[in-house]
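There are 6 protein chains.
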Amino acid sequence: MKIMVINPTISEGLAESTLATYRGYASPSTEISQVFLRHGPESIESDFDIALAVPDILGHVLRAEQEGMDAVVIDCMSDPGLFAARELVEIPVIGPAQTSMSLAATLADRFTIIGVLERDRPIFHNLWRLYDLEGRGASVRVVDIPVLSLHEDEEELIQAMIAQAALAIAEDHAHAIVFGCTGMGGLADPIRQGLEESGFAGIPVIDPTGVALKVAESLVDLHLSHSKQTFPQPAAKQVVGYEHLQLS
Amino acid sequence: MKIMVINPTISEGLAESTLATYRGYASPSTEISQVFLRHGPESIESDFDIALAVPDILGHVLRAEQEGMDAVVIDCMSDPGLFAARELVEIPVIGPAQTSMSLAATLADRFTIIGVLERDRPIFHNLWRLYDLEGRGASVRVVDIPVLSLHEDEEELIQAMIAQAALAIAEDHAHAIVFGCTGMGGLADPIRQGLEESGFAGIPVIDPTGVALKVAESLVDLHLSHSKQTFPQPAAKQVVGYEHLQLS
Amino acid sequence: MKIMVINPTISEGLAESTLATYRGYASPSTEISQVFLRHGPESIESDFDIALAVPDILGHVLRAEQEGMDAVVIDCMSDPGLFAARELVEIPVIGPAQTSMSLAATLADRFTIIGVLERDRPIFHNLWRLYDLEGRGASVRVVDIPVLSLHEDEEELIQAMIAQAALAIAEDHAHAIVFGCTGMGGLADPIRQGLEESGFAGIPVIDPTGVALKVAESLVDLHLSHSKQTFPQPAAKQVVGYEHLQLS
Amino acid sequence: MKIMVINPTISEGLAESTLATYRGYASPSTEISQVFLRHGPESIESDFDIALAVPDILGHVLRAEQEGMDAVVIDCMSDPGLFAARELVEIPVIGPAQTSMSLAATLADRFTIIGVLERDRPIFHNLWRLYDLEGRGASVRVVDIPVLSLHEDEEELIQAMIAQAALAIAEDHAHAIVFGCTGMGGLADPIRQGLEESGFAGIPVIDPTGVALKVAESLVDLHLSHSKQTFPQPAAKQVVGYEHLQLS
Amino acid sequence: MKIMVINPTISEGLAESTLATYRGYASPSTEISQVFLRHGPESIESDFDIALAVPDILGHVLRAEQEGMDAVVIDCMSDPGLFAARELVEIPVIGPAQTSMSLAATLADRFTIIGVLERDRPIFHNLWRLYDLEGRGASVRVVDIPVLSLHEDEEELIQAMIAQAALAIAEDHAHAIVFGCTGMGGLADPIRQGLEESGFAGIPVIDPTGVALKVAESLVDLHLSHSKQTFPQPAAKQVVGYEHLQLS
Amino acid sequence: MKIMVINPTISEGLAESTLATYRGYASPSTEISQVFLRHGPESIESDFDIALAVPDILGHVLRAEQEGMDAVVIDCMSDPGLFAARELVEIPVIGPAQTSMSLAATLADRFTIIGVLERDRPIFHNLWRLYDLEGRGASVRVVDIPVLSLHEDEEELIQAMIAQAALAIAEDHAHAIVFGCTGMGGLADPIRQGLEESGFAGIPVIDPTGVALKVAESLVDLHLSHSKQTFPQPAAKQVVGYEHLQLS
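Residue numbers (my numbering), protein chains in the order written: chain A, 1 to 248; chain B, 1001 to 1248; chain C, 2001 to 2248; chain D, 3001 to 3248; chain E, 4001 to 4248; chain F, 5001 to 5248.
The reader is advised that the hints may include incorrect statements.
[Unchecked claim] Keeping only pairs whose Cα atoms sit at most 20 Å apart, straight-line, the calculated SDA-like set for lysine to any residue is: (1) E:K4228 <-> D:D3172; (2) C:K2228 <-> C:S2029; (3) B:K1002 <-> C:A2236; (4) B:K1228 <-> C:A2026; (5) D:K3228 <-> E:G4199; (6) C:K2228 <-> C:E2171; (7) A:K228 <-> F:A5188; (8) B:K1002 <-> C:K2228.
No lab work stands behind these hints: they were computed from the structure. All figures in this text were calculated on a predicted structure; none of them were measured in a lab.
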């Protein structure tokens, strides 16, 4: 099975660690490839950033299907371009936000998102509305560290995440924690351990990168994909610019 | 007052009639300018089309504020790029879908959208979810005519719209009709008249182009705009490509 | 365009300042007339007060249509008699609560109502239920000043409103503020300024009187009104009392 | 126990049969008194009718408490004046719509309202919104007979109700039937029997008059009433007119 | 009228006080019988406890109908086995949670549950979802005393309940209180009095045992029961074990 | 990885085909074991059947954890005993209904359940309420064949399923199909093919057995399980009967 992970930024410097995270979650027989954008922003923190990332994401998605990939994961907790990408192809296209929050809703009464910046709050509220998850979201809390600074001091990041998760459990009655940025990928173990040390055991700490990858693998195994009635193939039409996205 | 109407396509051939529609709704003291995309699709019928339209829409929005426009209307019933555009500027950016459907919810128990193609259905369902209007949507019905063919036979279009609106009232208990495409702009009178002749008087027939323009004018008059807490200014960051969208 | 503003109380002493507020929002070509009740309470702070105000409100609404008014605004944040009034006439009847809260929902993730008394809370909760706005209401907060005392010390009122609005933003994650009483009409500028000085810039501060007036003007311009399927003309029937409300 | 049934109309001609219906449901130790309005409409079929009925309803409610009544039932499926009445007194004030629909929601997956006129539809939709019962309402269906004609041909009424109830079960998947007008009070047995003969056994056929009375008796027995935090006592204030409703 | 109260535990030591509570609420002509389980847990505090209680509950329900009982109350705030029991019989089967919370929603804007243990929280959240009461639940608060210790120090229990109820009103804006355990049955008076002494008058303090009994009596009086379309009779089929539950 | 599939019936005659279905979905390294009940019903078609199945299901779940199983799947579309089982153990316990319907909600606008009998309708409506999936359920449709007769004529079953699925798509606007009984496990291919031949291509046809197994495998791989805050360990207490379920 071949799965393409699309990092929706131009920040190839993160390639190695991100790829390692996804490979750490993959089944032995799954081959993970990773691509970055040629055109787009260095990180995704706004709807504006998303807008600049989507065209190149879609090019990668089209190419993934043409090259025989079995599924695609868009590596960002805002699921940039998810619906447009699903229109273009029949292979599963997976968003970490949709899959991880839907999973959290099956494992716990309510979950909290630990995001990066205060500006994440309305973005996640909108995703809850769009995905019908409002009844399961306990709160959005943030570590107040920009995406590209997440890895400057990983220990500081971990402590901030544990602190916010503990507050979410104690004050917001959250029963599960979902990472609000795929840049936090791979940190489930230390966060879980930190929560246990703070007296909060038995809390699912959900890393969306892992969930997205497992859902991708599962859909391929099950011969399932998104509905083409919900996401029908776009009509070929005249487009100026975006040469890599001309449909025929 | 100066309002920019952004037609999110490259189809400048429609410029005259669209501009006339908006000017027909504008207050005498409102100056309407209209722009089309340099890069983008010839019509918007999918999330894919939206993705290709948004970067140029955002460029126009940025320019609108720099050039002293008072408000911007994005002339499409999928509100393409609405949230990203609001992040970029402080002047009001208006989506016809959000404003016309919110207005419909204040005028009637439930409303029906008359869209163009069957593929509109899930797109409007998602807008209802995103805008919290699910409790007010009676149904989505479509005329089954692609956007660019809407004006090939206007009488056929009008009859199809009346037929679907009448079914919506009779079968879905819709009490208001909202046009599902801004390409239907200007047709409220004949549709209302056709409904009256079919025995359905007193039904608000809502043309989103008119509503969007009036909401834009009203917000300017009221010194109101979208919340910058919900739509905060994006951080300036490295972006490859999209030279017209470099923030500083 | 002629718009009647119905002040649903007998407190004509407020006539001048209220009228000035509405005229301040009106377009130059809009003629505003204002009426008070002959029978009814001196202020509206309860469902009981509403009940005593509605019959005379309805009389004014009937007369407004007969006298050629183009629209009516009921000048109170509980929208007293809104649905009954709409049954009686075909011209638009506008409620400040419905229009201002619906607008707030399009401008911000969630909004807070700044009301007068603690007893406002369940009344606004019921309006949120009735208007399907529960998903957009962050909180109800109050200044704890009765309606008729609002203007005794305007500076105190302004400071109390700023204080509650700041708490709403900081603690309830409100991204817009809506005045909970039309008696607060005209105070948007000082509240907005006070919030900016408190570090909360970019927050829409929504004065329902202005919104109601602009929506009224817009509906008239768009030849739109409420649905007569939702608000059908009442059957003429025997009524004892209420001579001014005999239908024929 | 003494319960006052307020018929919110001037149609005293119906007194005998209505009183008999309520007495038929009352416990032996419950004393039922019935009052009609001095001022108001001859029937309630609109929000306009409600507006004209409420002031006299409130007068009766005030008097009921002063005269030592234990509870009040407002005998109409639009619950006219329910919230205002609750503000005025501490004894329970019961609305047949709220109590019967809430009960239906506990007995069946979803229920259908069998109302009188098509214009009932939006009125019941609004009650579902206000009472948070939207998830339990299967449909509103109507017999298309005005309130005052309900008793002209009772057999015709019964057949029309059975026909609509059967359609509700077969087509709308309703699992319980609630009468949409208290003028249908007393007809549960023939409707239930008719449904059984049509092959629909085991369907709760809910007469709101009976439910309202039993809830009133139960609240009195339980020393319970509505919350005075939700329905606080109105402030005494200057009121012109409505001499019977001057608070002190 | 004969009503069977099923205590879904083996703790017959509580028989006398529980029976007294129910009899205290019953009408003079109502005969209350009480049964305990032969097989099952000593108290109900989890879904696991429920699972072990349900088979014997169902046996009692079957027997109740066979023995001519008019209705059954399952004496526990998790409504154990309610839906299965309703499938088995045509006489009303009443759950205290469903009936008391539905009643609370008709008496107040929002209510708080005062439960026993923190683990109650997700259980009540699930009941709110199942019964469509999410919009009316203000919060779940707990006294942190296990069910079987509730009566060890009744004064301590009462003080803990008053303290939590007062917090619910002050901080969660609850306008009614519902006991979260039928083991709290009979304590409405002291809790109400304690709240009044704390400055919170006019708050309905709802004892689910009383509500369940009154609803049972009312349904019998009204010849109403649950819908057999929603709760159809189970097919007789081969069952190993559960000899008392063989259907034919 | 070792996963136990609990068939919640005594119908061991189905063992071979059910096991084959699950093994067909399992990863090569996953070891599937299957158990049936010692005490319980021969099929699950009601809440009554569920009640009789749950105690033995729980015994198997306890044993599964003690024997070192990595996860448990409860093989029934009513998820019998799911929450109680999760209280008992820390290994993941998976319900096919919850997982398959949650997955469907991520792949399509709305989905239809194809169940066995009309009595399934309220059961699935309740699951939608409990799992917060009401906004995504298009309809419940049934083949009207009891569970134990599903395999008497598999071709007839397949044709009935295709017919109902086609109606769901054409009339209810369903964009995905979910099997309403795990006894339909393994039939996704012929149903999908039949839908394609009927002109409905691109519709996810979701077999809950496969989804449940893949979610179980994924959770184990991700070191995730249900929240022990939502499903805390039951207190050990006195239980009469159920010797296999004594906790210590």
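Do the hints match the structure? See the list:
1. Proximity of E:K4228 to D:D3172 is assessed by CA-CA distance (about 16 Å); at most 20 Å being required, the pair is judged to hold.
2. A threshold of 20 Å between alpha carbons decides the hint, and for C:K2228 with C:S2029 the separation of about 28 Å lies outside it, so the pair is violated.
3. Between B:K1002 and C:A2236 the CA atoms are separated by roughly 48 Å; this puts the pair beyond 20 Å, and the hint is violated.
4. Note on B:K1228 and C:A2026: the hinted pairing is violated, with a Cα-Cα distance of about 26 Å set against a maximum of 20 Å.
5. A distance of roughly 13 Å separates the Cα atoms of D:K3228 and E:G4199; the hinted pair therefore holds under the 20 Å criterion.
6. The hinted pair formed by C:K2228 and C:E2171 fails the criterion: a straight-line CA distance of about 42 Å is larger than 20 Å.
7. Proximity of A:K228 to F:A5188 is assessed by CA-CA distance (about 17 Å); at most 20 Å being required, the pair is judged to hold.
8. Only pairs whose Cα atoms come within 20 Å are accepted, and B:K1002 paired with C:K2228 is rejected, the gap being roughly 35 Å.
In summary, the numbered hints that this structure violates are 2, 3, 4, 6, 8.
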